[in-house]
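J.: Residue numbers (the working numbering), protein chains in the order written: chain F, 1 to 548; chain A, 549 to 1011.
Hints were generated in silico from the structure; no laboratory data involved. One thing to keep in mind: the hints can contain errors.
[Stated by the list, open to error] Straight-line Cα separation of at most 16 Å, EDC-like style, residue types lysine to aspartate or glutamate; simulated pairs:
1. A:Lys933 to A:Glu956
2. F:Lys184 to F:Glu216
3. F:Lys126 to A:Glu909
4. A:Lys858 to A:Glu768
5. F:Lys409 to F:Glu267
6. F:Lys210 to F:Glu21
7. F:Lys100 to F:Glu138
8. A:Lys858 to F:Glu21
9. F:Lys123 to A:Glu727
None of the values given here were measured: they were computed from a predicted structure.
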Amino acid sequence: MKSWIAVLLFLFSTQIFAQTEAIKYLPVQDSGRVKPYDTFAQEALRMIYGRDTFNGKVATDVILTWMMIPEYWERVELINIPHSGLRDYLKLDHDKKRFKPVEIFMNDRTPLLFQELRGVEQKNDKMNLFYQEAQKLENQLTLFRAISTGLAIRVLPAEDPNGVWTSVAELQGPAREKFNKIIKTFATVAAQVTEGETLSKAKKKEVSEKVKTSVEEFKEFADYPETVNMTKVNVEVLYNQVDVFMWSWVFYLFAGILLLIPWLSKEPKPFFLKAGWSMAFLAFFLHTLGFVIRVYLIGRPPVSNMYETVLWVPWGAVFFAFILEYVYKRHIILIASCFMAVLCLILSGLSPNVLDPSLQPLQPVLRSTFWLATHVLIITISYGAFLLSWGIGNFVLTAYLLDAEKYKKQIQHSSVAIHRSNQIGVVLLAAGIILGGIWADYSWGRFWGWDPKETWALIALLGYLAVLHAKISRWISHFGQAAWSVVSFALVVMAWYGVNYVLGAGLHSYGFGAGGVEYVSGVVVVQLLFVFYVYLVRVYKKPNQLKD
Amino acid sequence: MITKALEKLFDTLISLKMAVFIIVAIGIVSAVGTVYESKYDAHYAQTFIYHSIVMYFLLGLLCTTLICVMIDRWPWKRHHSAFVLAHIGIIILILGSVVTRYFGIDGTMYFPLGETRRYVDLQGSAIGVYVQSPEGRFSQYDYKIADFLQNPPSEEDKYTISLDGGKKIEFLKYFHYSERMTRVAESDSRAAGPAIRVQFESSRINMADWVILSQAKPWESINLGPAKLVLTQDIFKYEGGNAIVFRPIEDNMLEYMVFSDSKGGLAKKGKAAVGDVVQTGWMDIKVRILRFMPKAEKIVWFEEKQYPNKITVPAVQFKFDGEEYWMQKNSTVKLFTNQASYVVSFENIRYDVGFPMKLKEFRIGHYQGTQNPMSYESDVVVNGKVYNISMNEPFKHNGFTFYQSSFEKDEEGKPVASILSVNKDPGRWIKYLGSFLIVFGAILLMYFKKTLAKPRKARKVAV
């Protein structure tokens, strides 16, 4: 009993708790794959609480105490309900976002909500945001229950490699004893931390050794089948801890700024150039490393959901930028690509609820690595080329806004880069669409079915084809080319994001999601207004320039 | 004069502005199509947008300009190769699509486990009329493809099928999206029996439903949450569980018997009228009689909806012998004349693949420890041989290709039927050739840096 009180007290202590590190590496079976307990805990906390940590406590410790003292956690403001409509429906405090599980469980309107949800689910394919959020709430509650009872944490492998693992709640005999030992050590550690507050280094080491031994003993007992790759489990914990993509954007940002300085000044600045290049390389290396790890962990191309493509598209942009920069030596290309990468990588980390970073097994229809690799990788990397031309286009528009005469040279250089990026994008997108057609023909029996995803990819292609043809015919100038490339990127956004999150129709339903529509449309509108504004400024200024 | 006009037309067609106009127009029409698909469904969007006259006109115009531009550049030089290849590729791709559209088959086949089928369901609807011979066998009397989506029948413009002896089936209405509605009403028909509407109430549940008993059956029951509700004319045999039995005794009075699982038999008995509440004694559940009709029948009709949802179906209404009938897609209605009896069906267009096929087995693979599907597989038997069809691995036979598309499960989640999509596409290789030329041409375009292909006139000025 005393140890439970210690656990409780531990929750209020603020000391960083590195001594329970070993627990993170315990393999658990969840959502169709074996993952470290670390990943499971983070995903669970993120789903229920909406954050990666609770009051500075790491998810692995928090989830463990959930299981130990559920009565306590039922009275903690834990359930994240971001949708205000849903809060109002449940007659909850309108201005709060997180609520105690008991508040929801005992709420009169909760059963009504779920009853209504069943009706809507039966009738509609597409549900509005309210019901999607209601569905999410139901999942949050189910998961909370499953964790408190110990049913969600499956730790002991089954004999059949495809079978269901035994959960903590169902453990029996020696397995139960071994697992209880982990829990007990954890509780003692918690007690020591809360009582002593500051532990000596040696003591800390001793404590963490104890935890480690108990975990190791359980692992040894569990006798994992060969399909469980311990190296993968360990690498995944490492991947969870080091946010490679964050470091990558930090370096991209440095690279972009360093390269911008010589581009804006008249005389060459070799130091900044070299430093910028090295930074960009470093960032690109980390960016690539992140993908390599993801591919290693899940064993498939990293382009199966929105989160992964938001990482992959800027990778493409930077990749093409290196090539074009090498050929044309126009630094604007690399500068633009660095800033685009910063933008996308920051975006990818902003909202795990909209852009889900978890590693999920594939839907049956996507289980063809060859086609997924060729068709999806090529289409999304073509978006990378368009992202690059969008970035450069915006630089050009800004240059026009500031002083078209002063930046004449830069504008001319950019024009070639935009044209080439558009060309690369068009070739890859056309190839990707056609490969998609061949895959569809091969696995569904039709080459082209006017599915919204493929149709919007085609519309984006047509948009850029129009820009290319208009440029070739000299119908549009450098300005027009930049402006229309920027506008055409809205089509890519529609094909990439809009079909899945706005239209939500068609056969590509495995990529559908919800959220962020207002922000994305906001950005698109602001972008279009910016183009129009620069256009107006130009029209207005022209007579004056002619007089000069 | 005419030659001048033609020349002008030609110049317009080959101008790049024209190209940009066509590209943008196709883009806009396609975008509208995707919105249609999102609001309605794929078939609707295809019928009214992608295969509309406007789209056909734009594609035709595109081919015309592409041909004109290539004529204009004649004789072609080496640096024209990219542009010529890509443009010829587009024309061939469009040609291939036309071949697929008019000579291809694209449909689905529905296989209940262990059954044999040979017909493919295609998009679009048909009306079939079958006549029963004196021995009881049915033979096809009439079969018509009825394009009701584009040409719906109406009171003014009926769609008529004549039967022997001067009787007619007149189709009056077609709803592409409609919900099946039912209502219980007093009836004086001979088959009509009693009906009651009851409400189950407790702190946790609140639901109401009708029970209608036809004269042909001894009793009728429905499941309301934790209990069974039975309506009977005479006897009822208790077989365990919680049940409440009602039996009409007068025009306004019912006798009830409450059986409870915990007591293992009859727990309570009494009389109740409309509005009365029976305390069941199972937890705190109360049963309230909301309506009672001594003679009632269920009336079915369809209500048109603007947009589809999971439960909407296409439905037609027709008139025969002064009476009106409703029929939803893939259902039948039996009709009688003085001479014979007929079955009318409203169904998908069917196509005979020419050989029977049997579904032997259907399997679902799961990701470890979950109910999330990893793979779907059907084993089919053709000519005594077993073939496997799975996602991404179709089966080819006699020019047809069979793909694993989806499946149907029962209430317990067990698969009961496999759905295959079936396809025959003579335009396939034409489209592949076109695609190859487009991609090859586009890649070449990067190679020839200076293909900024100006129209002939512009070049002359430059010289």
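J.: Now look at each hint and say whether the structure bears it out.
T.: Against the structure, the hints:
1. A:Lys933 to A:Glu956: Violated, because 24 Å separates the two Cα atoms, which is more than 16 Å.
2. F:Lys184 to F:Glu216: holds, 14 Å
3. F:Lys126 to A:Glu909: Violated - the C-alpha atoms of Glu909 (chain A) and Lys126 (chain F) are around 32 Å apart, more than 16 Å.
4. A:Lys858 to A:Glu768: Violated. Lys858 (chain A) to Glu768 (chain A) sits at ~28 Å, over the 16 Å cutoff.
5. F:Lys409 to F:Glu267: Roughly 14 Å between the alpha carbons, so the hint for Lys409 (chain F) and Glu267 (chain F) holds.
6. F:Lys210 to F:Glu21: holds, 11 Å
7. F:Lys100 to F:Glu138: holds, 14 Å
8. A:Lys858 to F:Glu21: Roughly 49 Å between the alpha carbons, so the hint for Lys858 (chain A) and Glu21 (chain F) is violated.
9. F:Lys123 to A:Glu727: holds, 11 Å
In summary, the numbered hints that this structure violates are 1, 3, 4 and 8.
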